[in-house]
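Asks: Just so you know, we're using full-length UniProt numbering here: the sequence shown kicks off at 1 and counts up by one.
Read the hints as simulated data drawn from the structure, not as lab findings. Predicted model only: the values in this text are computed from it and were never measured. Check each hint, because a few of them may be wrong.
Listed below are the simulated BS3-like cross-link pairs for lysine-lysine, each with C-alpha atoms no more than 30 Å apart in a straight line [claimed, not checked]:
#1 K50 - K91
#2 K108 - K27
#3 K75 - K91
#4 K57 - K108
#5 K29 - K50
#6 K50 - K75
#7 K75 - K29
#8 K57 - K91
#9 K50 - K27
#10 K91 - K64
#11 K108 - K29
#12 K29 - K91
#13 K108 - K83
#14 K91 - K108
#15 K50 - K64
#16 K64 - K29
#17 K75 - K64
#18 K64 - K108
#19 K57 - K83
#20 K29 - K57
#21 K75 - K27
#22 K50 - K83
#23 K64 - K27
#24 K75 - K57
#25 K29 - K83
#26 K27 - K57
#27 K108 - K50
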Amino acid sequence: MGMADYKGKGNVQETPFGYTLSVVGGKWKMLILYLLAENQPVRFNEMNRKLEPITFKMLSSQLKELEADGMVTRKEYPQIPPKVEYSLTPKAETLLPVLEQLCEWGEKNRNN
1 MGMADYKGKG
11 NVQETPFGYT
21 LSVVGGKWKM
31 LILYLLAENQ
41 PVRFNEMNRK
51 LEPITFKMLS
61 SQLKELEADG
71 MVTRKEYPQI
81 PPKVEYSLTP
91 KAETLLPVLE
101 QLCEWGEKNR
111 NN
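Kindly produce the complete structure, drawing on both the sequences and the hints.
Replies: Put into structure tokens, the structure is as follows:
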């Protein structure tokens, strides 16, 4: 089904598009998914450095939301100092072709 199938059928947030935005919307989530797609697994502090100027609190919050939505897995190693790695789930990997298309669109339209 496409966007035209839902035209005039009520609240946009109740459509598949609305669901998708609830999972990947916002300033940081797609950047986190992109970073993980390129480099997984990624440790928390490494991700924090690569996504500057994101704050520690915001990154933690966004990762928790992505984890709750089944997009990211968190692996904690019981050691000192603590080590935590994040990677994409199979569900998130189904979104990678869409991210690729967004990258291609950006490349084509960046300087227009």
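Asks: For every hint, state whether the structure bears it out.
Replies: To see whether the hints hold, each was checked on the structure:
1. At most 30 Å may separate the alpha-carbon atoms for a hinted pair to count; K50 and K91 meet this at roughly 24 Å.
2. Taken as a hint, the K108 and K27 pair is honoured in the structure, with Cα atoms around 22 Å apart against an allowance of 30 Å.
3. For the proposed pair K75 and K91, the alpha carbon gap of about 17 Å is at most 30 Å, so the pair holds.
4. Distance restraint check for K57 and K108: the Cα-Cα separation of roughly 34 Å exceeds the 30 Å cut-off, and the hinted pair is therefore not satisfied.
5. Proposed proximity of K29 and K50 is supported: the alpha carbons are some 14 Å apart, at most 30 Å.
6. With a C-alpha separation of about 19 Å, the suggested pairing of K50 with K75 holds against the 30 Å cut-off.
7. About 19 Å separates the Cα atoms of K75 and K29, which keeps this hinted pair within 30 Å; it holds.
8. For the given pair, K57 sits about 25 Å from K91 by alpha-carbon distance, which is consistent with the 30 Å threshold.
9. For the given pair, K50 sits about 15 Å from K27 by alpha-carbon distance, which is consistent with the 30 Å threshold.
10. Taking the CA atoms of K91 and K64, the gap is about 16 Å. The hint holds against a cut of 30 Å.
11. Restraint check for K108 and K29: the C-alpha separation of about 23 Å stays at or below 30 Å, so the hint holds.
12. A distance of roughly 15 Å separates the Cα atoms of K29 and K91; the hinted pair therefore holds under the 30 Å criterion.
13. At roughly 39 Å between alpha-carbon atoms, K108 and K83 are farther apart than 30 Å, so this suggested pair is violated.
14. Proximity of K91 to K108 is assessed by CA-CA distance (about 28 Å); at most 30 Å being required, the pair is judged to hold.
15. Proximity of K50 to K64 is assessed by CA-CA distance (about 18 Å); at most 30 Å being required, the pair is judged to hold.
16. For the given pair, K64 sits about 11 Å from K29 by alpha-carbon distance, which is consistent with the 30 Å threshold.
17. Under the criterion of a C-alpha separation no larger than 30 Å, the hint pairing K75 with K64 is consistent with the structure, at around 13 Å.
18. For a cut-off of 30 Å, the pair hint linking K64 to K108 is broken: about 33 Å separates their Cα positions.
19. Taking the CA atoms of K57 and K83, the gap is near 17 Å; set against the 30 Å cutoff, the hint holds.
20. Of the supplied pair hints, the one linking K29 and K57 holds, its CA atoms being roughly 14 Å apart against a limit of 30 Å.
21. Simply put, K75 and K27 have alpha-carbon atoms about 24 Å apart, close enough for the 30 Å limit, and the pair holds.
22. The hinted pair formed by K50 and K83 meets the criterion: a straight-line CA distance of about 17 Å does not exceed 30 Å.
23. With a CA separation close to 15 Å, the supplied pair K64 and K27 stays within the 30 Å bound.
24. The suggested pairing of K75 with K57 holds, with an alpha-carbon distance near 19 Å, which does not exceed 30 Å.
25. A hinted pair counts as satisfied when its Cα atoms are at most 30 Å apart, and K29 with K83 qualifies at roughly 22 Å.
26. For the hint linking K27 to K57, the alpha-carbon distance of about 14 Å falls within 30 Å, and the restraint holds.
27. Simply put, K108 and K50 have alpha-carbon atoms about 25 Å apart, close enough for the 30 Å limit, and the pair holds.
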